[in-house]
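**Q** Next come the chains, spelled out residue by residue.
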Amino acid sequence: MASIGKIARRTFLVGAAAVAGGVAVGAWYVSRPAPNPLRPEGDETALNPFVIIDGEGVTLVAPRAEMGQGTQTTWAALLAEEMDLAWEDVRVIHGPPAKAYYNSAMMAESLPGPAGYARSALQHKLGEMAGVIGKVMEMQVTGGSTAMKDGYERMRATGAAAREMLKAAAAARLDLDAGVLTTEAGAVVAPDGTRLPYTELAAEAAGFEPRDVLLREPSEWKLLGRALPRLDMVAKCTGTETYSIDTRPEGLRYAAVRMSPRRGAMRGFDAEEAEGMPGVEKIVDLGDGVAVIATNTWLAQQAVNAIEVDWGPAAYPETTGAIFDEIEAAFDLDPDSTLRDTGDAETLPEGAQEVTAEYRLPFLAHATMEPLNATAWITAGGLEVWSGNQIPTFVRDACAEAAGVSADSVTLHTTPMGGGFGRRGELDFSVLAVRVARALPNVPVMTTWSREEDMTQDFYRPGAIGRMRGAVQDGTAVLLDASVAGPSTARQALNRWTGFAPGGPDKVHVEGLWNQPYAIPSYRARGYIAPDLQVPVGFWRSVGNSYNGFIFESFLDEMANAAGADPLDFRVQLAEPEWDPAARVLEAVREMSGWPDKPEGTGRGVAMCYSFGTPVACVIEVADEEGEIRIARAWMAADPGVALDPGIIEQQLAGGLVYGLSAAMTGEITFADGAVEQRNFPDYDALRMGQMPRVEVRILERQTHISGIGEPGTPPAAPALANAIFDLTGERHRELPLSRAVRFAT
Amino acid sequence: MPTSITVNGTAHEVDLPSEVPLLWVLRDALNLTGTKYGCGVAACGACTVQIDGEAVRSCQVPLGDVWGDVTTIEGLGTPESLAAIQQAWVDHQVAQCGYCQSGQIMQAAALLAETPQPSDDDIDAAMSGNLCRCGTYPRIRAAIKAAAGMES
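Sequence lines, in order, name chains A and B.
The first sequence runs 1 to 746 under full-length UniProt numbering.
The second sequence runs 1 to 152 under full-length UniProt numbering.
What the hints contain is simulated information worked out from the structure, not anything from laboratory work.
A quick note: this is a predicted structure, and the numbers were derived from the prediction, not measured.
All residues carry an ideal CB built from backbone N, CA and C; glycine is no exception.
Honestly, I wouldn't trust all of these hints.
Computed, partial: chain B to chain A, Cβ under 8 Å [unchecked claim]:
no.	residue
1	T10
2	E13
3	G34
4	C39
5	Q60
6	P62
7	G64
8	W89
9	C100
10	Y137
Below, in silico cross-link-like pairs of lysine to any residue (SDA-like), each with a Cα-Cα straight-line distance of 20 Å or less [stated by the list, open to error]:
no.	chain 1	residue 1	chain 2	residue 2
11	A	K282	A	G264
12	B	K145	A	G690
13	A	K282	A	R496
14	A	K282	A	P441
15	A	K598	A	P646
16	A	K598	A	D580
17	A	K598	A	R694
18	A	K282	B	A125
19	A	K507	A	L494
20	A	K282	A	R438
21	B	K145	A	R694
22	A	K282	A	L494
23	A	K222	A	A187
24	B	K145	A	R688
25	A	K222	A	I307
26	B	K145	A	Q691
27	A	K507	A	R467
28	A	K282	B	L16
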């Protein structure tokens with residue numbers, strides 16, 4: 001078995017062969033290289049699917065979707081680091097949907113076994129092995145905060161392999177040993193100073209197999225480990241970034257849609273008035289909804305809103321109250337999962353004090369800034385689609401099916417996204433654009449959802465109820481019995497992606513509840529699923545952690561309070577014996593915030609959540625402003641193992657916090673008559689400039705493995721805020737959003 | 001009958017009904033896609049442009065009511081020749097998803113034209129109508145101050 005640090009090009013292509021050696025038969029099947037999807041033409045020579053070199057320069061392929069999280073910048077930096085490219089010369093594209101771009105970290109998340117932080121090095125390697133399943137299933141996915149975990153070794157190995165091939169080509173040309181050559185700023189340099197740019201060597205390099213290479217030590221890094229200028233920054237500050245909504249092929253027509261507000265059938269419609277409205281070119285009967293194709297998006301919106309539609313009933317209870325009754329009833333069923341059951345959670349230890357509490361969290365919308373949209377163009381030659389999406393291989397196949405063409409004839413452009421947060425991991429908006437475009441063959445048609453459609457046709461973060469029972473003794477926690485009920489996001493989403501959902505416990509539903517790094521002698525976590533609840537739910541930034549983080553960390557605060565302990569000390573004491581990195585992030589926010597000192601008239605709350613492999617601690621300070629609550633400051637510390645780009649990591653942590661705070665303050669989706677009641681930002685607002693706290697972030701690199709960063713900033717937001725309000729007012733809020741009970745300053 | 005408007009110094013004849021909002025004239029008729037659709041009800045600020053230097057929500061201004069010269073993000077500066085405020089945005093690496101930033105920049109540029117040395121309260125008042133779901137607010141504030149020559 002090769003050492004972990006010694007990674008050759010072929011081991012990258014074969015997924016995990018160097019670490020697999022004899023571990024599983026499946027490895028042989030999946031270790032065959034995937035076909036190169038880039039089909040280079042002209043003078044382009046594809047060294048491998050992640051690097052293209054042509055006469056003009058080097059193009060890096062970052063097949064992870066850019067929705068603002070900076071993933072393409074850091075992905076490109078991983079390649080450029082080992083290739084010795086000058087940062088200002090780096091060009092990056094998303095590339096086509098392809099098997100070769102499978103996400104090796106995605107499936108690893110579903111591995112059985114202990115919580116991620118407790119996995120041994122061997123289990124991490126097994127996780128990479130499980131990643132090859134993603135390859136078999138052609139799972140090209142951006143999600144689950146996996147991009148850097150997935151790309152960290154593979155992309156550096158790819159960059160190094162490309163570099164060595166270029167050096168071999170230069171060595172042959174110069175009749176020198178490759179060992180005497182160096183590389184710098186996109187060129188191979190000979191001992192006599194001769195510079196051979198990569199662009200001149202590309203064609204010859206393709207004929208060489210790379211030799212085994214050692215990846216550079218972090219101490220040698222020139223690009224990684226520092227805040228790089230983002231590759232998309234200038235375009236985004238000049239209005240020249242092309243989101244999918246900015247697609248403008250010649251002859252484009254614009255469509256607006258209305259689907260059932262109750263997510264059910266359409267019984268009939270009357271479009272007589274709409275037909276005569278200005279700009280209207282076609283009314284489209286979609287069977288389950290209506291669309292209008294026009295010469296202008298706004299004219300299409302006016303016409304589609306003028307159509308009278310008779311919608312059928314919803315397949316779920318009609319009101320929020322009835323929906324939550326069904327969630328609550330799930331507690332009476334057998335648990336779907338008991339992923340942790342240490343000690344004896346049934347028996348209250350002698351002399352211990354029992355604490356119980358129930359928490360409720362609402363459904364939430366994603367509300368990305370760019371409303372959902374996609375463009376489809378059906379011709380005799382096939383189908384062209386422009387869609388900002390997180391799952392291109394699935395989108396390609398689903399669009400092909402909707403158009404009645406083969407997947408081979410689909411050209412899918414995955415564009416930058418005006419926010420994703422999980423919503424763009426769905427197929428519906430791309431498929432809908434294809435269905436609309438079928439009504440107008442040979443014409444490109446963009447289907448844009450109004451904000452109202454976007455908000456009422458979402459796949460929501462599910463509502464959830466947490467029931468917690470614990471016990472404290474001698475100032476610490478001795479028992480924690482956690483349970484949560486809600487619909488199964490994972491089963492619904494997997495059904496939408498693949499048409500089936502594997503059996504077994506829904507791990508996503510209880511993430512953040514069962515796997516928290518606290519040494520509590522008796523610790524049980526059970527998940528309850530409302531099996532028949534058909535409210536459309538989906539992945540929302542941090543998924544199960546988004547509700548379990550609030551449930552768990554609010555309750556831990558209640559236990560600390562019952563124990564008469566300082567809430568930060570209480571957590572550190574429980575975290576230290578279990579997993580040191582969790583204790584360290586807590587100690588970091590203690591130091592940063594000066595805990596327990598605080599200004600007069602303020603309250604402070606702390607929370608620590610472990611999600612996507614990363615522990616994040618947060619202290620929030622709230623102030624009383626004449627009866628209103630102002631979120632004044634926040635301190636965050638996180639340990640992602642390796643900080644590839646501290647600037648982007650800081651943005652993701654603070655941005656994740658803001659996303660979580662927005663939801664905790666005012667976010668709530670409710671149902672009446674089977675339809676979502678919130679329709680636009682006035683009903684579903686988010687944190688604004690004047691409400692933004694001062695945020696300080698510290699990044700630690702204490703844990704062994706690189707871990708996710710796009711989502712872990714979100715889970716601690718709500719509990720840290722609620723705990724701070726408790727500290728200020730003495731009132732414990734167990735339901736979100738908090739605006740039901742407190743007024744926030746604007 | 002076509003309507004005449006001037007955008008970024010160029011005169012256009014637009015053949016659309018006079019009630020079509022300026023936003024959709026810019027995006028769908030003139031292909032000036034830097035101005036973004038976010039909500040259609042003046043609640044998010046993504047569509048902010050300037051008319052005679054004043055920041056307006058272009059989703060609320062019908063074509064027939066456009067009262068002066070329109071400036072969009074494309075008219076402020078280009079990737080090759082950034083306006084000072086855009087340079088400040090790049091220097092502070094403000095954008096994440098970037099979708100709201102055209103509107104943020106147009107709003108901030110109007111603020112600075114009116115109030116060259118804005119206080120934090122001025123910034124809050126001027127910018128709170130511009131929503132950002134990524135949470136870039138602290139860097140927006142810093143970039144505004146930098147563009148005003150008041151590095152914090």
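**Q** With reference to the structure, classify each hint as holding or not holding.
**A** The hints, checked one at a time:
Because the beta carbon of T10 (chain B) sits about 16 Å from the nearest beta carbon in chain A, more than 8 Å, this interface hint is broken. Using the Cβ-Cβ criterion of 8 Å, the hint placing E13 (chain B) at the interface with chain A is not satisfied: the shortest such distance is roughly 16 Å. The beta carbon of G34 (chain B) is positioned within 8 Å of a beta carbon in chain A (closest approach about 2 Å), and the interface hint is therefore held. For C39 (chain B), the suggested interface contact is upheld, since its CB lies about 5 Å from the closest CB of chain A, less than 8 Å.
The criterion of a C-beta within 8 Å of any C-beta in chain A is not met by Q60 (chain B), whose closest approach is roughly 12 Å, and the hint is violated. The criterion of a C-beta within 8 Å of any C-beta in chain A is not met by P62 (chain B), whose closest approach is roughly 10 Å, and the hint is violated. Violation of the interface hint for G64 (chain B) is found here, the shortest Cβ-Cβ separation to chain A being roughly 13 Å, above the 8 Å cut-off. At a threshold of 8 Å, the smallest CB-CB gap from W89 (chain B) to chain A is about 4 Å, leaving the interface hint in force.
A distance limit of 8 Å between C-beta atoms decides the matter here; for C100 (chain B) the minimum to chain A is near 5 Å, and the interface restraint holds. Residue-level restraint check for Y137 (chain B) holds (minimum Cβ-Cβ distance to chain A is 4 Å; threshold 8 Å). Restraint check for K282 (chain A) and G264 (chain A): not satisfied, since their Cα atoms lie roughly 24 Å apart, outside the 20 Å limit. For a cut-off of 20 Å, the pair hint linking K145 (chain B) to G690 (chain A) stands: about 15 Å separates their Cα positions.
For the proposed pair K282 (chain A) and R496 (chain A), the alpha carbon gap of about 29 Å is over 20 Å, so the pair is violated. Restraint check for K282 (chain A) and P441 (chain A): satisfied, since their Cα atoms lie roughly 12 Å apart, inside the 20 Å limit. The hinted pair formed by K598 (chain A) and P646 (chain A) fails the criterion: a straight-line CA distance of about 28 Å is larger than 20 Å. For the given pair, K598 (chain A) sits about 26 Å from D580 (chain A) by alpha-carbon distance, which is inconsistent with the 20 Å threshold.
Taking the CA atoms of K598 (chain A) and R694 (chain A), the gap is about 15 Å. The hint holds against a cut of 20 Å. About 44 Å separates the Cα atoms of K282 (chain A) and A125 (chain B), which puts this hinted pair outside 20 Å; it is violated. Between K507 (chain A) and L494 (chain A) the CA atoms are separated by roughly 13 Å; this keeps the pair inside 20 Å, and the hint holds. The straight-line distance between the Cα atoms of K282 (chain A) and R438 (chain A) is roughly 12 Å, inside the 20 Å bound, and the hint therefore holds.
Distance check on the hinted pair: K145 (chain B) and R694 (chain A) sit about 16 Å apart at the alpha-carbon level, within 20 Å; holds. Between K282 (chain A) and L494 (chain A) the alpha-carbon distance is near 34 Å, which puts this suggested pair outside the 20 Å criterion. Taking the CA atoms of K222 (chain A) and A187 (chain A), the gap is about 16 Å. The hint holds against a cut of 20 Å. This hinted pair checks out: K145 (chain B) and R688 (chain A) have alpha carbons roughly 18 Å apart, not beyond 20 Å.
Between the alpha carbons of K222 (chain A) and I307 (chain A) the distance comes to roughly 59 Å, so the proposed pair goes past 20 Å and is violated. Distance check on the hinted pair: K145 (chain B) and Q691 (chain A) sit about 18 Å apart at the alpha-carbon level, within 20 Å; holds. Under the criterion of a C-alpha separation no larger than 20 Å, the hint pairing K507 (chain A) with R467 (chain A) is consistent with the structure, at around 18 Å. Between K282 (chain A) and L16 (chain B) the alpha-carbon distance is near 18 Å, which keeps this suggested pair within the 20 Å criterion.
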